[in-house]
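K.L.:
What follows is each chain in one-letter form.
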Amino acid sequence: MKKFFSVADVTNLKEIVAEALSQKANPNALEELGKHKTLGLVFLNPSLRTRLSTQKAAMNLGMNVMVMNMDKDGWALETRDGVVMNGTTVEHIREAAAVMGEYCDILGLRSFPSLKDKEADYSEDLFNKFIKYCAVPVVSLESATRHPLQSLTDLITITEYKKKDKPKVVLAWAPHVKALPQAVPNSFAEWMSKAQEENLLDFTIAQPAGYELSEEFTNGATITNNLEEALQDADFVYVKNWSSFKEYGEVYPVNENWMMDNEKLKITNDAKIMHCLPVRRDLELSSEILDGPNSLVIKEASNRVWAAQVVLKRMLESLKSK
Amino acid sequence: MKKFFSVADVTNLKEIVAEALSQKANPNALEELGKHKTLGLVFLNPSLRTRLSTQKAAMNLGMNVMVMNMDKDGWALETRDGVVMNGTTVEHIREAAAVMGEYCDILGLRSFPSLKDKEADYSEDLFNKFIKYCAVPVVSLESATRHPLQSLTDLITITEYKKKDKPKVVLAWAPHVKALPQAVPNSFAEWMSKAQEENLLDFTIAQPAGYELSEEFTNGATITNNLEEALQDADFVYVKNWSSFKEYGEVYPVNENWMMDNEKLKITNDAKIMHCLPVRRDLELSSEILDGPNSLVIKEASNRVWAAQVVLKRMLESLKSK
Amino acid sequence: MKKFFSVADVTNLKEIVAEALSQKANPNALEELGKHKTLGLVFLNPSLRTRLSTQKAAMNLGMNVMVMNMDKDGWALETRDGVVMNGTTVEHIREAAAVMGEYCDILGLRSFPSLKDKEADYSEDLFNKFIKYCAVPVVSLESATRHPLQSLTDLITITEYKKKDKPKVVLAWAPHVKALPQAVPNSFAEWMSKAQEENLLDFTIAQPAGYELSEEFTNGATITNNLEEALQDADFVYVKNWSSFKEYGEVYPVNENWMMDNEKLKITNDAKIMHCLPVRRDLELSSEILDGPNSLVIKEASNRVWAAQVVLKRMLESLKSK
Numbered sequence: 002m003k004k005f006f007s008v009a010d011v012t013n014l015k016e017i018v019a020e021a022l023s024q025k026a027n028p029n030a031l032e033e034l035g036k037h038k039t040l041g042l043v044f045l046n047p048s049l050r051t052r053l054s055t056q057k058a059a060m061n062l063g064m065n066v067m068v069m070n071m072d073k074d075g076w077a078l079e080t081r082d083g084v085v086m087n088g089t090t091v092e093h094i095r096e097a098a099a100v101m102g103e104y105c106d107i108l109g110l111r112s113f114p115s116l117k118d119k120e121a122d123y124s125e126d127l128f129n130k131f132i133k134y135c136a137v138p139v140v141s142l143e144s145a146t147r148h149p150l151q152s153l154t155d156l157i158t159i160t161e162y163k164k165k166d167k168p169k170v171v172l173a174w175a176p177h178v179k180a181l182p183q184a185v186p187n188s189f190a191e192w193m194s195k196a197q198e199e200n201l202l203d204f205t206i207a208q209p210a211g212y213e214l215s216e217e218f219t220n221g222a223t224i225t226n227n228l229e230e231a232l233q234d235a236d237f238v239y240v241k242n243w244s245s246f247k248e249y250g251e252v253y254p255v256n257e258n259w260m261m262d263n264e265k266l267k268i269t270n271d272a273k274i275m276h277c278l279p280v281r282r283d284l285e286l287s288s289e290i291l292d293g294p295n296s297l298v299i300k301e302a303s304n305r306v307w308a309a310q311v312v313l314k315r316m317l318e319s320l321k322s323k
Numbered sequence: 002m003k004k005f006f007s008v009a010d011v012t013n014l015k016e017i018v019a020e021a022l023s024q025k026a027n028p029n030a031l032e033e034l035g036k037h038k039t040l041g042l043v044f045l046n047p048s049l050r051t052r053l054s055t056q057k058a059a060m061n062l063g064m065n066v067m068v069m070n071m072d073k074d075g076w077a078l079e080t081r082d083g084v085v086m087n088g089t090t091v092e093h094i095r096e097a098a099a100v101m102g103e104y105c106d107i108l109g110l111r112s113f114p115s116l117k118d119k120e121a122d123y124s125e126d127l128f129n130k131f132i133k134y135c136a137v138p139v140v141s142l143e144s145a146t147r148h149p150l151q152s153l154t155d156l157i158t159i160t161e162y163k164k165k166d167k168p169k170v171v172l173a174w175a176p177h178v179k180a181l182p183q184a185v186p187n188s189f190a191e192w193m194s195k196a197q198e199e200n201l202l203d204f205t206i207a208q209p210a211g212y213e214l215s216e217e218f219t220n221g222a223t224i225t226n227n228l229e230e231a232l233q234d235a236d237f238v239y240v241k242n243w244s245s246f247k248e249y250g251e252v253y254p255v256n257e258n259w260m261m262d263n264e265k266l267k268i269t270n271d272a273k274i275m276h277c278l279p280v281r282r283d284l285e286l287s288s289e290i291l292d293g294p295n296s297l298v299i300k301e302a303s304n305r306v307w308a309a310q311v312v313l314k315r316m317l318e319s320l321k322s323k
Numbered sequence: 002m003k004k005f006f007s008v009a010d011v012t013n014l015k016e017i018v019a020e021a022l023s024q025k026a027n028p029n030a031l032e033e034l035g036k037h038k039t040l041g042l043v044f045l046n047p048s049l050r051t052r053l054s055t056q057k058a059a060m061n062l063g064m065n066v067m068v069m070n071m072d073k074d075g076w077a078l079e080t081r082d083g084v085v086m087n088g089t090t091v092e093h094i095r096e097a098a099a100v101m102g103e104y105c106d107i108l109g110l111r112s113f114p115s116l117k118d119k120e121a122d123y124s125e126d127l128f129n130k131f132i133k134y135c136a137v138p139v140v141s142l143e144s145a146t147r148h149p150l151q152s153l154t155d156l157i158t159i160t161e162y163k164k165k166d167k168p169k170v171v172l173a174w175a176p177h178v179k180a181l182p183q184a185v186p187n188s189f190a191e192w193m194s195k196a197q198e199e200n201l202l203d204f205t206i207a208q209p210a211g212y213e214l215s216e217e218f219t220n221g222a223t224i225t226n227n228l229e230e231a232l233q234d235a236d237f238v239y240v241k242n243w244s245s246f247k248e249y250g251e252v253y254p255v256n257e258n259w260m261m262d263n264e265k266l267k268i269t270n271d272a273k274i275m276h277c278l279p280v281r282r283d284l285e286l287s288s289e290i291l292d293g294p295n296s297l298v299i300k301e302a303s304n305r306v307w308a309a310q311v312v313l314k315r316m317l318e319s320l321k322s323k
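Chains as they are written, first to last, in our numbering: chain A, 2 to 323; chain B, 2 to 323; chain C, 2 to 323.
You may find that some hints are simply not true.
For identical chains, the list gives no copy identity; a pair is met inside one copy or between any two copies.
[Stated by the list, open to error] Quick list of in silico lysine-lysine cross-link-like pairs, BS3-like style, CA-CA up to 25 Å: (1) K117 / K267; (2) K133 / K300; (3) K163 / K117; (4) K119 / K164; (5) K3 / K300; (6) K167 / K130; (7) K321 / K4; (8) K247 / K165; (9) K130 / K300; (10) K167 / K247; (11) K38 / K25.
I should point out that these hints are in silico values taken from the structure, not numbers from a laboratory.
Full structure from sequences and hints, please.
P.N.:
Here's what the structure looks like:
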């Protein structure tokens, strides 16, 4: 594996999930694989779960880890070519990425969207250039439009906890006080759509009108504005807020009650409730659910390690075979 | 050992000091004990000595270490239950602590007091909830009311440098320009009081009127407002500033000279002088003393490693015996 | 080796370069040398390349690494003696350095100049006191006046890519938008001057009038204000901006074109182009050159690892022989 940026970088979902679960069963079995290899984690935006779980995964594989926390202010990267750099950008991504590629065998990168310029965000220009110029395998730690380690984690968790062959999985929009990126729901949608193609599950998305995700991610999904309809017979409900894609980054007022709670849980097939965290209690998701037996959110966060570990494992193997 | 928060978490002071000194004599003897174990250090407030010494201790034991520097602004935790999280707090401690407990085998936490709300600070609500929800052993890296790794260090240092069976130890208030927490003196007082109970030393506290510590920490200590009287025959003088407990967080004007200097040293039994650092030279403690033969401050800081290492060792042993 | 602060700390340049290149050929050959040894990296100013490459070098040698990012605001150090510390400085360098020396076997320190007070900057007071009080070997990660790891890297790179016994090396001033320190050019000049003494190369400096470096660094170099003259027959051109030493920290307007580009490259002997990075594209150095076959900038950055590794190796050896 040379890059892990979207679901397109994985050929067989069932296989990678099985591989991740086998790592989970025996976390240190491959600690020789990463010996003398260095993982560099570059955060242009803050991170808690992603940093810790990826660091842990790398250490399980015997790798060295170097973390670079560089917010965009402190380290303004130029991404355009042909520009005289006499302004505020201090380094061009061509040099920045190439140099990090010299010190690290594998790189991780996190970079959030502006939520102001749809075209720029969805072009994933920064990420693509980073991948191009660093010359080593790159794992996305969340980009402007996707969070693939989270989505792989979610599929692992669904696989672990499903009680039937083909569970019904619902992505349900929820309220929030801030305008959030579409990266997590985009990514979840593209992974679940592919899982549906592979016959692993049925996938439905429920969101208020105006909050439709970009169609490139939701191909094959059942889409509805009716939450109660969507929750019918659901085995897993993935609760998440996002801002509008259409009116890019906007937050429409929503009058109906979209918070997931015990009342709504009753409509489901005793569904397991998922969330990528951090979660706003009693705004996105009720405390009752979070503290009750249907919540998977902590187990899900815990599984971040195995998603990262299987990706790093595959990248290390591709380095060895060079 | 499941938690290390106060002196109550240690049953026998003599024993733990002896164990720490045996670690010091052979720092890497137990490097297999921590293999494949991860220590997570969570700093809600800045740290230098505590971070470095605890990290070093963990590495001596063969552990992996992950450091999380999160100031309270960047990562505002909700600690109250039953609150709709539609304000500035971004994550509830229930989830935050639980997730970190998934990635780490042992956690350290540092969190300073507000110095504005005595009841809130002294309830140690944040710490107690963190311990409760993370589900792994927790070592305090300094809380609102205590700094137990510092106090254990101090007892180790006194044990190493004492010239008689039962030395006289004095905690002496000193001037400062800022309002400082009571955590270090509280903790020192509770450890020395217990050491006095175990017949290891005699313990006296000297502070100006109005600077009395909370009685729950000073049980059994001789307490005086007369510094010269306290210094009589002292074998160790622990110099430290703190703000008022009674008028919580206030700083009263003090007219007498409370800075420890060579004149006052003459009253003592050629006492060794201690301070937890950082120290304000010629305000709390004279340069003369700091640069002279009676100062233990660097040796004391150095011993932070062995205090941390014996605590981590005991926690690792309790993990193994599970 | 007890310190690595300037070229004076190396007796034989040819030898240390050869040693560095032998480490490069076999990066992990000495991974037992640093076992149980800790490197502490103290950054009073930000760092990317220096931190990563030094960390990588230390890990190659089997060392543990602890990084301390402390900007000057957060951790205001007092360096003067005899001062009552009742102001904004929170810790004296005597204690700060001594304590770090207790936790680490080798320390690295980065501290930039103020560019406001020439005498204070060029006294290297902070660095000298840090070296004095920490009591362990210290490697400079860039000081007010020098960046020796960069200069050693540059000599390694020149040695690797030279096509004749005694290449012509030119340090060429280039434009910038900010007032930059003289540390990199000072250091490059003092290393190249010594390399010239050792008959390894010929060294020329070209800068506009008013931008002369301090003579203590340029001893033996050919110095000119005529860039084209300097570039004649050049085998290596080291492009770098710096502010005035004479009118300390000032930036004079320069009307001639001092940016290195393909036109100027034609004057040279098909010279290899170097730069310490980060580089302002099309202001200091043309994109054409940076993206073309004459640029060594990425290889040069990559070599930072081997400069750091040979220095750490020598320091570790001096620890063992104690």
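K.L.:
It remains to establish, for every hint, whether it holds in the given structure.
P.N.:
Right, here's what the structure says about each hint:
{"no.": "1", "hint": "K117 / K267", "result": "neither (39 Å within a copy, 45 Å between copies)"}
{"no.": "2", "hint": "K133 / K300", "result": "between (35 Å within a copy, 17 Å between copies)"}
{"no.": "3", "hint": "K163 / K117", "result": "neither (39 Å within a copy, 50 Å between copies)"}
{"no.": "4", "hint": "K119 / K164", "result": "neither (39 Å within a copy, 51 Å between copies)"}
{"no.": "5", "hint": "K3 / K300", "result": "between (28 Å within a copy, 22 Å between copies)"}
{"no.": "6", "hint": "K167 / K130", "result": "neither (39 Å within a copy, 39 Å between copies)"}
{"no.": "7", "hint": "K321 / K4", "result": "within (15 Å within a copy, 38 Å between copies)"}
{"no.": "8", "hint": "K247 / K165", "result": "neither (36 Å within a copy, 63 Å between copies)"}
{"no.": "9", "hint": "K130 / K300", "result": "between (34 Å within a copy, 19 Å between copies)"}
{"no.": "10", "hint": "K167 / K247", "result": "neither (32 Å within a copy, 64 Å between copies)"}
{"no.": "11", "hint": "K38 / K25", "result": "both (21 Å within a copy, 15 Å between copies)"}
In this structure, the earlier hints numbered 1, 3, 4, 6, 8, 10 are contradicted, and the remaining ones agree with it.
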